[in-house]
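Model the full structure from these sequences, guided by the hints.
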Amino acid sequence: MKRSVIFLIGLFSVGVVAAQEQASRCAQTLRLAQSTYESGRLQEVPGILQGCIDGVEFSVVERTNALRLVVLSYIYLEEHDKADQAMMDILNNEHFYAPNEAVDPPEFVALFNTFRHKPVWSAGIKIGGNTSYPWNISNYYVGSTSVGQGEASQQYSFQFGLYFEKQLFGDFFGAPEIAFTNHKFSYANEALSIDENTGENFGRVESVVSQNWLDLNLLVQYAFKNSVETQFFVTLGPTVSYIVGAEGTLVSDFRGFTVTGPSVDEKDRYNPLNYSIIAGGGIKKKIGGLYLLADIRYKFGINNIIDSSNRTNIEQTFDYGYTSNDMRIQSLMINVGIMYPYFKPKKLAIK
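Counting with my numbering, you get residues -12 to 338 for the letters of the sequence shown.
Note that these hints are calculated values from the structure, not bench results. Please read these numbers as outputs of a predicted model, since none were measured by experiment. Heads up, the beta-carbon is just placed ideally off N, CA and C, and yes, glycines get one too. The reader is advised that the hints may include incorrect statements.
With a cut-off of at most 25 Å between alpha-carbon atoms, the simulated DMTMM-like pairs for lysine to aspartate or glutamate come out as follows [claimed, not checked]:
1) Lys273 <-> Glu216
2) Lys69 <-> Asp91
3) Lys254 <-> Glu138
4) Lys331 <-> Glu88
5) Lys334 <-> Glu65
6) Lys69 <-> Glu81
7) Lys333 <-> Asp68
8) Lys334 <-> Asp76
9) Lys273 <-> Glu66
10) Lys333 <-> Glu138
11) Lys333 <-> Asp41
12) Lys212 <-> Asp282
13) Lys254 <-> Asp202
14) Lys105 <-> Asp158
15) Lys273 <-> Asp91
16) Lys331 <-> Asp76
17) Lys334 <-> Glu94
18) Lys272 <-> Glu88
19) Lys69 <-> Asp41
20) Lys333 <-> Glu66
Estimated spans, in silico, between C-beta atoms of each pair [what the hints assert, rightly or not]:
21) Gln21 <-> Lys334: 22 to 30 Å
22) Pro249 <-> Ile325: 36 to 44 Å
23) Asp240 <-> Tyr209: 34 to 42 Å
24) Val323 <-> Asn290: 26 to 34 Å
In structure tokens:
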């Protein structure tokens, strides 16, 4: 058993040494090919490099550098089909490759630009937080003294979803999203009734509202001229939201007599479909073969989300002295996410 272990360790060591020697040999081969190219013996360059290009000894960067020499050799030898194939090999080897226009010959850059080298599409996931505030359109109340006395406060919540991105034209991209969004806010009114003897208001009701929405964000994104590593963008577009659930947690106090209970389902109070506009911006940062991203956006509600025919919830009205105002929801949202770009290089048709 001991001899078998020693044998396997020795065999593994021999394999590691052989791989290192092969990698070292290919590094020397790349230097030889560079020297051969610079001396003008272009027809020899592809043959010198082919064995190492086909093998596994080159790193991604070394293989790209080797293929670059092959492309340049074929360009100047006027073997255009072979130059095209070698350029395609570069793009398949290193998806984020871009020539250095300050160093690379114009012919090389021109050939590169005859290929589709940007992602065909990108997809990913986002998760984030939001703070929401109800923008009152008109007041509704139960107690006669309650009008104009209520105050709403923002609450913090979350959202998550999937998104897709595809170039439309130039620097404009379609960037639709589908997201689950929870909005929360609170409402308090400290004038539910009036003391007939003193004329003072009394009674307090407080409600914390939680709404669950399924959002379809039909966004368009404009990407600034940035590097492959870092990209800034702005985004704008409409949102269609479908209510999937809502509840209110209420507490009422009438001169020390407190009314409380479990959350009350109030989904029927809201219009099933509601509409908003999103505007924002963000940044994408390349990490390996993926992009990490972060964005901040403002979601401006367009329509009244309350269904006026179902405004009154019997339990909330009679047990707590509460009903809902007409409102639009405004939200400030922050997201982080990860994006996978899908590449499929191809030769573009010459117009």
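Results for each hint:
Taking the CA atoms of Lys273 and Glu216, the gap is about 5 Å. The hint holds against a cut of 25 Å. For the hint pairing Lys69 with Asp91, the CA-to-CA distance comes to about 19 Å; that is within 25 Å, so the pair holds. Of the supplied pair hints, the one linking Lys254 and Glu138 holds, its CA atoms being roughly 22 Å apart against a limit of 25 Å. Simply put, Lys331 and Glu88 have alpha-carbon atoms about 23 Å apart, close enough for the 25 Å limit, and the pair holds.
For a cut-off of 25 Å, the pair hint linking Lys334 to Glu65 stands: about 17 Å separates their Cα positions. Proposed proximity of Lys69 and Glu81 is supported: the alpha carbons are some 18 Å apart, at most 25 Å. Straight-line distance between C-alpha atoms of Lys333 and Asp68 comes to about 13 Å, which keeps the hinted pair within the 25 Å bound. Of the pairs offered as hints, the one joining Lys334 and Asp76 holds, with about 12 Å between alpha carbons and a cut-off of 25 Å not exceeded.
Under the criterion of a C-alpha separation no larger than 25 Å, the hint pairing Lys273 with Glu66 is inconsistent with the structure, at around 35 Å. Annotation: proposed proximity of Lys333 to Glu138 is violated, straight-line Cα distance about 59 Å (limit 25 Å). Among the hinted pairs, Lys333 with Asp41 is consistent with the structure: their alpha-carbon atoms are about 21 Å apart, no more than 25 Å. For the proposed pair Lys212 and Asp282, the alpha carbon gap of about 18 Å is at most 25 Å, so the pair holds.
Proximity of Lys254 to Asp202 is assessed by CA-CA distance (about 16 Å); at most 25 Å being required, the pair is judged to hold. Between the alpha carbons of Lys105 and Asp158 the distance comes to roughly 12 Å, so the proposed pair stays at or under 25 Å and holds. For the hint pairing Lys273 with Asp91, the CA-to-CA distance comes to about 23 Å; that is within 25 Å, so the pair holds. A threshold of 25 Å between alpha carbons decides the hint, and for Lys331 with Asp76 the separation of about 12 Å falls inside it, so the pair holds.
A hinted pair counts as satisfied when its Cα atoms are at most 25 Å apart, and Lys334 with Glu94 qualifies at roughly 16 Å. Proximity of Lys272 to Glu88 is assessed by CA-CA distance (about 22 Å); at most 25 Å being required, the pair is judged to hold. The straight-line distance between the Cα atoms of Lys69 and Asp41 is roughly 16 Å, inside the 25 Å bound, and the hint therefore holds. Proximity of Lys333 to Glu66 is assessed by CA-CA distance (about 18 Å); at most 25 Å being required, the pair is judged to hold.
Here the CB-CB span from Gln21 to Lys334 is close to 27 Å, well matched to the stated 22 to 30 Å. Distance hint for Pro249 and Ile325: a CB-CB separation of about 38 Å, consistent with the stated range 36 to 44 Å. Our hint of 34 to 42 Å for Asp240 and Tyr209 is violated, since their Cβ atoms are close to 51 Å apart. Checked against the hint of 26 to 34 Å, the pair Val323 and Asn290 passes, with Cβ atoms roughly 29 Å apart.
Comparing the model with each earlier hint shows violations of hints 9, 10 and 23; every other hint is respected.
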